[in-house]
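Peer 1: Okay, here's what each chain looks like letter by letter:
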Amino acid sequence: MAYQLPDDALTALANSHSGAAWIVTARYGGVQTIPSAAYPDYDRIPITSDGQFSFDSSGGNAQASGSMYVASSGASLAPKAMDDPLAPFGQELQIDYLIAQGGQSWRVPMGVYRISEVPSWDETVRRYPAMQITTGWTAEVDFVDRFDRISAAQFLGPAAPSMRTVLTEAALLAAQAGVTAYWPAGLVDTSIPAGITYESDRLDAISQLLAAINCDPGMTRQGALTAIPRNRWIGATKADAEISMDGVVSFTGGMSGDVYNTVVFSSDQNGLTPAIAQIKDDSNPLSINRLGLRVYTQSSSLMDTDAKLLAAAKTTLLQVSQQAAQQIKIVGLPRPDVDLGDLVWARDTLSGRQGIGQLTSFDTGGFDATGQWTYNLQGVELL
Amino acid sequence: MEAIVQLTADPQVRVTIEATDMFSDTVSIVVYRSVDGVETTVRSSLMAAAAGGWTGIDWEAPVGPVAYRAEMFDTDGNDLGSTISVFATLEYSDSDAAWISDPLDATSAIQVFMSSGSESAQSRPVSGTTYALGDRTVVLAGQRSPLTGLHADFETLTAADRQSVQSLIDQTGGLVLLRTAPEVPLPRLLYCWCADPQPSMSVMDDFEQALWSNQANEVSEIQGPPAVAAVPYSIYEAAFPTYGDAEAAYSTYLEAYKNPPS
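Quick mapping for you: the protein sequence lines, in order, are chains U and W.
Residue -1 is where the first sequence starts when you use my numbering, and the numbers rise one by one after that.
Residue 879 is where the second sequence starts when you use my numbering, and the numbers rise one by one after that.
No lab work stands behind these hints: they were computed from the structure.
Everything numeric in this text was worked out from a predicted model, so none of it was measured.
For each residue, glycine too, the CB sits at the ideal point set by N, CA and C.
Certain hints may be false.
The calculated label-pair distances, taken between Cβ atoms and stated as ranges, are [unchecked claim]:
id	chain 1	residue 1	chain 2	residue 2	range
1	W	Ala1073	U	Gln30	55 to 63 Å
2	W	Ser1098	U	Gly155	48 to 56 Å
3	U	Ser205	W	Ala1073	53 to 61 Å
Per the computed footprint, the stretches of chain U lying under chain W, defined by three or more beta-carbons under 8 Å from a beta-carbon of chain W, are [as the list claims (entries may be wrong)]:
id	stretch
4	30 to 44
5	106 to 112
Let the hints inform the model, and build the full structure from the sequences given.
Peer 2: Next up, the structure:
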């Protein structure tokens, strides 16, 4: 859910302001390494405004990833040993966005990221008659969110759920990979049927579990596993939106033919027959008679009754018949308070077009605090 | 605290700082230099061991008035507070007198003279982007940049000085410290990148005097340890055959620091 900012900060974000900045610090095993007494030259990691930083909930493993360029004179932070602050062996980065206006400032945490790779680093040295001194250094640092850690902690062999409900089991799976879980209020938990086994991928197992309560896995700003409810945009109004953008740089709608009008949902529990959901109403352009039969199949062991199977088929049909057809791409000012899955309302004040949708991906365009951000919504244009 | 100004050019002007009046449980200090309201650290004093006292040299002392204070820390790194400030003034004869040096190399300073016409057109643009949000126009302003494209022209009086400047630029890649008098409308400690200073000489004075056309871009303080220690340890080794001899000559470490064997 969107990060709660005071009204002053939201006003600053929507208007001309100066002093915004990205602030990156480093930690390793629960201990802050930069800034710390060991590196007195640095009060933060000296990043440049280049790089990239984007969030995408449709990806398989990580949802947020990016790369940053680091450069400074002074003591080199280029990683050489496995426990150096910027080495890719469990070291983590805390990325914050600073908003400033009128003598006030607000520091918005943008998440905790694991360093995945340092593709290159370089040091410039100068030789004096008696000694050689490092006078400057640069490094490129790639990072991903903590899904990487869950995904890498594969099951050691065939495994089965040890808890009775979806949320407790998902939290346990994450905890076994060293990631805590935080569930937003209002999630309806459900029981796990007997006889389920996991395949090797831990993140897949968590996704499957959360799908049973109509959610996708997400990551909080503190680096904890959370659940993002699906399809909140259906029937949503401006009042429901967590993020409002009145005035955008560009507002682009898109339609894709990548839709389905038939869902076959199967389960290997108790010899159930697959449930089928279809669009048959010919007033709908997607009906099987007008578009032709386009079949989407899915299966889940979590569905252990006919009623659950049919409900799942209907929900899935709702998604696959709409999600690809209506995409809204918005280019606007930075909104560090957005989270994936938030309901976003946006209006182009010149053309009067407005839309509401659930945020599926966004891109900060790197680490230039004055750069524009791109938001992709799954939703509808309001008329 | 005491600050002793040395104006001789061997190798350059400097301020020697002696800190003796510190709290008894002080083990390390950081000395701060205050110039025109801006406080920066003295390079050789970053968490310097200071049990019983400390003395060190500020090779980057600005021309004109300057203040120093020391922040004291105990064994656990707790901040014990600051000493009172001491004031010093590096006198100068002409307002155009300046020093150009490698901030990491105490022996590299050369006296130059700022020429008229320099320091004009001071440009410090703010980065940022203008966005047309429908019917509104919004600017996200970034940080103000340091001085860019500054014309910091100067003169050297002798051919030897000209060659020294030449080798300084070679050695540092043009990353130098330019120290000017308070009258010059520039930061008195200007860390800058002089990528291509161009000297022009005249046959009239046998090519002695050179006017340097110099474009400078300001940078943040160049960090790093000092490259050349003021007094190498080997001097003590040469002067005192055994440790006992040194002990007999000096009552404390501080005394040894202050009075190296000549």
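Peer 1: If a hint holds in the structure, say so; if it doesn't, say that too.
Peer 2: Quick rundown of the hints versus the structure:
Take Ala1073/W and Gln30/U: their Cβ atoms lie about 38 Å apart, and the range 55 to 63 Å is violated. Taken as a hint, the range 48 to 56 Å holds for the pair Ser1098/W and Gly155/U, whose Cβ atoms sit roughly 55 Å apart. For Ser205/U and Ala1073/W, the Cβ-Cβ distance of about 54 Å falls inside the hinted range of 53 to 61 Å, so the restraint holds. Here's how the stretch 30 to 44 of chain U fares: 3 of its residues keep a CB closer than 8 Å to some CB of chain W, so the rule of at least three is met and the hint holds.
Judged by the Cβ-Cβ criterion of 8 Å, the stretch 106 to 112 of chain U is not covered by chain W as claimed, because only 0 of its residues qualify and three are needed.
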